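Peer 1: Next come the chains, spelled out residue by residue.
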Amino acid sequence: MSRFKSVLDQGAFAVTAECGPPKGADPDVIMKKAELLKGKVDAVNVTDNQTAVVRMSSLAACVLLKRQGLDPILQAVVRDRNRIALQSDILGASALGIRNILCLSGDHQSFGNQPQALGVFDLDSIQFVQVVQRMRDQGAILGGERLSRAPDVFIGAAANPFGDPFNFRLVRLAKKVAAGADFIQTQCIYNLERFERWMAMARERGLTEKVHILGGVTPLKSAGMAKYMKKKVAGMDVPDGIIRRMDGAPAKTQAEEGLKICVETIQRLREVRGVKGVHIMAIDWEDMVGELVERAGLLPRPN
Amino acid sequence: MITAEQKPLDEIREMIAPYKRILVLGCGSCVAECAAGGEKETGMLASILRMAAKMEGREVLINEKTLERQCVKDFVILLDDIIQDYDALLSLGCGAGVQAVGDCFPEIPIIPALNTEFLGETKDQGLWLENCLGCGDCKLYHFGGICPLARCSKHLLNGPCGGSVGGKCEINPEIPCAWQLIIDRVEQQGGFERLEGIFPPKDWSKKQGLGPRRIIREDQQR
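Protein chains in written order, with our numbering: chain H, 1347 to 1649; chain E, 5 to 226.
This is chain H alone, in the form it adopts within the complex (with noise of 0.2 Å):
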């Protein structure tokens, strides 16, 4: 059974982190990871060839992550596998005993290293979720054709309170629980404000008692970070107060002051009713994850 999901079962606040694969067939970067995260963490989501840039597949580094003891969150997005591959490597990972999936659309082709590649999208994010959740729960693949084994795990979805329209954003996110998501990570939380305004809405309809919700963060490591997030990522709201803030700290001291408005967040996010736990996104800044959940008290993780 997914430890992260009995975490959540026994009221605990969840943390999860990130381990992004290599772009490369070495398995140790996972391997320093792993160390890295052990301990820290009640799961680590393993990223699916994110912004589209080819890496090592997210499927094999879950194996390697959890032969080190971890809970590994396989994130799967649509952008690379039609319907049949899909549903395979949901069949293999619970084979493997990969025990959480996290069911995405995938940055557009276009982003990443490849972009002559075909798009294939054949599912979107929402049916992906409920195709999941009927080879779970009814032991049937999409068409009813019955499995002589049921994957055994634990279901997640995305969801980004600051995209647009922001009133279709708790549509997206009660079909996603319609759909059968047990859990939510959301995009990188920044501006509180929205997020709380998102949540109050979520609880109006019902669904913080439907799924556990894990807010995103992700720790700044410079002004320019706030700034380049701010302007040329689609969908990242950083409210002008953090990049004051990260512009007033010296140069040297900028991370320090990006780690401080992170872990404030985080204990914000703790007080915020129906916020299950946090999703730490430390990109390219996984040796930050364990002091980083220290300082916001989060340690030590239950068993």
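Please keep in mind that the hints were generated in silico from the structure rather than gathered at the bench. Please read these numbers as outputs of a predicted model, since none were measured by experiment. Do not rely on the hints blindly, as some may be mistaken.
[Said to hold, decoys possible] Calculated pairs, PhoX-like style, for lysine-lysine (alpha carbon to alpha carbon, straight line, at most 25 Å):
| # | chain 1 | residue 1 | chain 2 | residue 2 |
| --- | --- | --- | --- | --- |
| 1 | E | Lys58 | E | Lys77 |
| 2 | H | Lys1567 | H | Lys1577 |
| 3 | E | Lys172 | H | Lys1577 |
| 4 | H | Lys1384 | H | Lys1412 |
| 5 | H | Lys1567 | H | Lys1578 |
| 6 | E | Lys172 | H | Lys1573 |
| 7 | E | Lys172 | H | Lys1576 |
| 8 | E | Lys58 | E | Lys44 |
| 9 | H | Lys1578 | E | Lys77 |
| 10 | H | Lys1622 | H | Lys1384 |
| 11 | E | Lys11 | E | Lys24 |
| 12 | E | Lys69 | E | Lys44 |
Please arrange chain E on chain H, whose structure you already have, making use of the hints.
Peer 2: The following block gives chain E in isolation, referenced to the frame of chain H:
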């Protein structure tokens, strides 16, 4: 209609290089409407190719002719009397036109001068939009008359991705987010709850289930 754009001149010249007697063949239908392969564009391309050959000192016969439609055999057979004068055809038809002409005259190499693009709407003068994939199973009614398969970069059927900002698509801020358009349109028509259900996976067998598609209408046959 079918939209198309002329290929780069260098690519066309490379393909016609081995031939000495070339018929530049325009089409008066869709590709004329989108100013890519009509009589005017055919004349211009033929002139440019003649001039280029002359400047290189090459003896090449380049004539031009525009058919009403290259994709209909009844029009293509009008070439029967002149085709023997040429050793290659340079077609400014769409991909269907090029193949229809090629089927009628299999002994002569046919060269495409256009890149066929999409099933498009003429939005404005000089602006064509890809609005239909020709999927064989139209669901426009469910989406306020705006196709998410053709117009959303990720073909999403259940709402916008997280990259929809200010009504624009994350992969190209020049184009609108199809889902913003759908939501606005459906809201305007007072049916927002129509978009709240989970739309099932697309049935692609209507497009690819039996290989390349054919339409057979016995009532139209003679």
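Peer 1: Give a verdict on every hint.
Peer 2: Going through the hints against the structure:
no.	hint	verdict
1	E:Lys58 / E:Lys77	violated, 34 Å
2	H:Lys1567 / H:Lys1577	holds, 16 Å
3	E:Lys172 / H:Lys1577	holds, 14 Å
4	H:Lys1384 / H:Lys1412	holds, 11 Å
5	H:Lys1567 / H:Lys1578	holds, 16 Å
6	E:Lys172 / H:Lys1573	holds, 20 Å
7	E:Lys172 / H:Lys1576	holds, 16 Å
8	E:Lys58 / E:Lys44	holds, 21 Å
9	H:Lys1578 / E:Lys77	violated, 52 Å
10	H:Lys1622 / H:Lys1384	holds, 21 Å
11	E:Lys11 / E:Lys24	holds, 21 Å
12	E:Lys69 / E:Lys44	holds, 10 Å
Consistency with the previously given hints fails for numbers 1 and 9, ordered from lowest to highest.
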